[in-house]
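Protein chains: 2
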Amino acid sequence: MDRRAFNSSLLAGSLAGLLLPGARAQQTAHSAGKPVIGLLVYPGMILLDLTGPLTVFNIMQADIRLMAAAMAPVTTDVGIPVAPTHSFETAPAELDVLFVPGGLKGTVDGMNDPRTVDFLAARGERARFVTSVCTGSLLLGAAGLLKGYNATSHWYVRDLLPLMGATMVADRVVADRNHITAGGVTAGIDFGLALAAKLTSEDTARRIQLLIEYDPQPPFAAGSPERAGADATNAVLTQRAPLIRQAEQASRSAGARLGIP
Amino acid sequence: MDRRAFNSSLLAGSLAGLLLPGARAQQTAHSAGKPVIGLLVYPGMILLDLTGPLTVFNIMQADIRLMAAAMAPVTTDVGIPVAPTHSFETAPAELDVLFVPGGLKGTVDGMNDPRTVDFLAARGERARFVTSVCTGSLLLGAAGLLKGYNATSHWYVRDLLPLMGATMVADRVVADRNHITAGGVTAGIDFGLALAAKLTSEDTARRIQLLIEYDPQPPFAAGSPERAGADATNAVLTQRAPLIRQAEQASRSAGARLGIP
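First to last, the sequence lines map onto chains A and B. Going by this note's numbering, the first sequence opens with residue 2, and the numbers climb by one from there. Going by this note's numbering, the second sequence opens with residue 2, and the numbers climb by one from there.
In case anyone wonders, no lab produced these hints; they're calculated from the structure. In this text, a Cβ means the ideal position worked out from N, Cα and C, and glycines have one as well. The reader is advised that the hints may include incorrect statements.
Residues from chain B that face chain A, not an exhaustive set, calculated with beta carbons under 10 Å [unchecked claim]:
#	residue
1	G80
2	D172
3	F221
4	A229
5	G256
6	I261
Let the sequences and hints guide you as you build the complete structure.
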């Protein structure tokens, strides 16, 4: 794809999409100009990890592909299954964006599944942007895609990233060259808007933010370990300890495969 | 249901759910203590309107019912269908929480559908909490549930609420007695946490906020008309004008039915 044509048609198309009724139909004729965004879906993923960014990509009129090992609908945390649009075999080889959501149990299963890891490695090597929300970055890491990159994850597993060659940065959204990783669950909205600005323009991203009224006013100051305090943080860590231990084991195995010292 | 038993078992159950692995299985034995939350699902709804609060309710281990006119899966903005768990006929008569998500086109269709309006009126009259996110409050209004209440909605239709007897308040989450309405799309997360605090305890709600890492850092100051500025606001209003006009017409019809002067 010609990147200049891609960028200019995308910019025009997305702004038109937000400004003009009927623009979606018009843009279909120029579908070569839409960014192809491949989102991994897998059993046990957190639906909100997917829905936040997907809502932004959808308003952006991106070409969205939901990719899974098989075509059967995958389960999610809230009991609403998601049907893939593509299997690993039929997913495009070239993606503008590879995106991986989180969900700790499912993430660990995926890290231990060679087909999933190989699929992510192959698509990630060629994608324009390699991205994740929440524990999804552990899957990127297991696929060798974070070696030498700054990255983040859900706060309760982000310390595992260096086991797979990444440098952990405790920010909500961490961009390093073409790799963008985000913190837990709701960080997907901040990430989606940041990526929309890169794929289109800041003006378009700001209009999407206005459409989804993202002017957050959390009822409590409790959304990070620092704000929530040691008692609440330790309570969550205790509850999640068995899964976090499994994630650590999977990260060490992946690190060994990847030759991380 | 005995409200004191409800509250005390809920408090204990939900804290245990966050603190102890295996608590979900233990709590099943006390399922009478779970709040019954009925979420309306309808064609054209915005999946993120549903997913934000639903994620919070799910962590809270609430008894979740997805209620629709028929049992067929309903379409959503992002193309992921949602299968109801209950039809209007099989949904419980008594709900602890009635919740309605938004999605302007589908909202207007619902306002003009007597079955939907009658269902909401019947469940809303008896529910402990009557709640909505985004344009969902227009459906509550059409069902006569907002007469004499302070309420809000997505910023681009909230001025229609007085046509159905409500007093519009331009806040992100508006609580008036047992009615809680929220602004557009992402306001559902703020709302969900605020309601979780009322149904359980502030401690529980804070832990859920930590689990979903809701420590927002929007990339732009653009999430409200005031922040986004007149140009961006007018662009969105122009794009949505045909649907907003339909919503106004449906609100006026509902107001006439309800005898609003």
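Cross-check of the supplied hints:
1. G80: holds (7 Å)
2. D172: The hint holds - B:D172 has a Cβ within 10 Å of chain A, the shortest such distance being about 8 Å.
3. F221: holds (5 Å)
4. A229: Holds, because the Cβ-Cβ distance from B:A229 to chain A comes to roughly 4 Å (cut-off 10 Å).
5. G256: violated (25 Å)
6. I261: violated (26 Å)
The structure fails hints 5, 6 (numbered hints given earlier, in ascending order).
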